[in-house]
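> Respectively, the protein sequence lines represent chains A and B.
Using our numbering, you'd call the opening residue of the first sequence number 1 and step up by one each time.
Using our numbering, you'd call the opening residue of the second sequence number 1001 and step up by one each time.
The set of hints was computed from the structure by calculation and includes no laboratory data.
A virtual CB, placed ideally from N, CA and C, is assigned to each residue, including glycine.
Honestly, I wouldn't trust all of these hints.
[Claimed, not checked] Covered by chain A, per the in silico footprint, the following chain B stretches (three or more residues, Cβ under 8 angstroms):
1. 1287-1293
2. 1320-1331
3. 1335-1348
4. 1359-1371
5. 1374-1381
6. 1415-1423
Protein chains: 2
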Amino acid sequence: MTVPRTICLGFLALILVGTGLLTLPISLQSGQWGDVLTALFTSTSAVCVTGLVVVDTGTYFSGFGQFCVLLLIQLGGLGYMTATTILLLLLGRRFGLRDKVALQQTLDIEELSGAVQLVKSIVALTLLIELMGAIAMFSVFSQTYSTGRSLWLALFHSVSAFNNAGFGLFPDSLISYATSVPINLIITALIILGGIGYQVMMEVFFWGRDRLKGKPNRTCFSLNFKVATSTTLALLLLGFVGFLGAEFRNPNTLGQLDAPAKFLVSWFMSVTPRTAGFNTIDYGRMTTTGLFITIALMFVGASPGSTGGGIKTTTMRILFECTRAVLRGKEEVLCYRRQIPNTLLIKAIGVVFGSVMTVILATVLITLADPSIEFTLVLFEAVSAFATVGLSTGITASVSALSKVVLIITMYVGRVGVLMLMLALLGDPKPSSINYPQENLLVG
Amino acid sequence: MTVPRTICLGFLALILVGTGLLTLPISLQSGQWGDVLTALFTSTSAVCVTGLVVVDTGTYFSGFGQFCVLLLIQLGGLGYMTATTILLLLLGRRFGLRDKVALQQTLDIEELSGAVQLVKSIVALTLLIELMGAIAMFSVFSQTYSTGRSLWLALFHSVSAFNNAGFGLFPDSLISYATSVPINLIITALIILGGIGYQVMMEVFFWGRDRLKGKPNRTCFSLNFKVATSTTLALLLLGFVGFLGAEFRNPNTLGQLDAPAKFLVSWFMSVTPRTAGFNTIDYGRMTTTGLFITIALMFVGASPGSTGGGIKTTTMRILFECTRAVLRGKEEVLCYRRQIPNTLLIKAIGVVFGSVMTVILATVLITLADPSIEFTLVLFEAVSAFATVGLSTGITASVSALSKVVLIITMYVGRVGVLMLMLALLGDPKPSSINYPQENLLVG
Ligand SMILES: [K+]
Ligand SMILES: [K+]
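Model the full structure from these sequences, guided by the hints.
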């Protein structure tokens, strides 16, 4: 069993187990057998940490059902974070693409026992951050709800936020907390930490430890660290300014809020497309410009080695640096005084091309199945599903069964990744040893 | 004066001269001074061979005005075709990107005198094809109109079709000829020839001549030939099947036609996004799926060295072959047993990234200026302007002045190309001689 196949089948198995659990009468508030499509949709959405829902999690599912959803989120998020971190570390060892693929082909998952220490570290860090988030949120929720309810709410939302899952127990996501400073800061902090990747967090940790110990500061941040943090910051700033500009006078979103609240909500809107999926405003009443900016940010998504989805900040950055290189007439792509290997350029193109094709296919299929729904809303939903974001303009529950199946497949493909899925399906790639002559073409 | 600056300023100068001509009282049917914004929009649209219009060309402009439009189309189309063919031939000489850019910097346009022969050949081929198209169409139009009017109609539509300009003299483009087999075949043939590129036509010509002469057939088609023709064919087929599927039961487009007419109109719909811009159905009444397919096809556009726009079939093919290479675990990108140089991959990324950003920026600005217009229609218009297509869902004339200015700039940027414009603005790129170490990143 190759690594890509193990990952793809692992997610599939988890989704199917989850579907089984979520149809049980014990999982439902009503105590009856649940609808299979609803269970499949919810299970896929949870395992892929997407957050799109066709039923209200807080009222449709019983406490046990909600616990199952939370477990699926945690397993899905941790599983993805672990798998991508291992790939990231393997890549760090200067393997070429061909070596890496060959490695993935030969390396059985059992041989990865050296990674056990890494998995332990990831699990510990995850639980620590989630616990801190839960404690912080408990202090807010306990002002309104009973202790037991507050504990459950705090735990659920903390796990969901760190895993960028977007599932919530309130029917309106976090709209009622739109102007609550503590909830906004706690949730956005969890989202950003969950979306920045394990490696980046560990580098900050080691850097901080070295500084505290008064050691001569010789930590050299990796290229991944620099690219992930700077691109994330740029996207946050871009989103913040964009949403503030687009929604400033929209009476349905920012228009009727005072200045500090406008900033707070814009900040949240800018963080949540990093594939978190919580919302503090109604995306169905956003301006077209706002929806468009959200679609673009969702498609880019989070950083590698994290719980988030999308094409990843690093991929986006490579495309950006390529464009800069072309404009400067350079033959190699540089980023922070490091040269980006050509195999990475090819892979970045493959990722983006495959992703765009998947989104286009999903959008076309949904518009064919539900021709009455406006195009923007369908595109928004498709990108949200693909990048495992979970934001919605409110159409998820009302689309036809066929569109729901399309969304389920899109969430799955978006999570395991187009390339990973194709590698799993195609199997053994045989590198050719023939060298063909180069020939030029005019592009653009 | 560098080549990029010459091209950018040349187009700008032609647009401004055209604007002046089209404001003159003699150019208007009404005999009064024309609106400057309307003249600027029409002149840009004509020079960039786009075909978006804010007034009906056939009734707003006088015979002289229409002649000016036709002249601007011919100069704009020929100018672009010549410039890109020269670049294509220079590339054929195995220059790297750095050499090419350096060459463009040092090579004054006056030194291109060796290209005079090439320009003569391009002009001759263009006029020959346009003449044949005009004669063929005259035989159709003369059944309905007087000889003089038929001549003018045939000439205007032939030149407009070969230059992929999309300007017509009928207020409804070619909707009244939707089921006319001769007009459909003549126009689509002109569009395809105009969009395939000079080099491809010449290779076919030489191949045919050698075969006729009974010479041993040793013509070796270039990579550009193979990529341009096969990708164009694939796009035509994809569009044909897509439109037939999407519009089959739409009563506003294909629904009420008989089977042969359904095929004919689908064929036309599949050809015209190769940035021609004529239409035989009302795009404002198309299904969302159909609009979406059109947007995708328009963005790809035509082949290099032609009159058409878009990111070009070759760029699209490189992205596709990259994706295939990644899935097969290969480190180099192959296409017809030729290796695609890495500089070309970088350039392809630059072209697509720059193009997507331009379209996003234009779309956001228009949705901000005209928030009441549906998003799909705005995106359709922005892509149509950028890829110099000229198809419209009918909003062009009714958008605000600000949006019209955005469309004018988008048409110009789309025509000269994002990279060309940036090179013209930035000037002298200085290639660095420092070699930086490689470092890996996880993408996707
Ligand atoms: K999510
Ligand atoms: K056109």
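> Any hints from earlier that this structure breaks? Give me their numbers in increasing order, please.
Failing hints: none at all.
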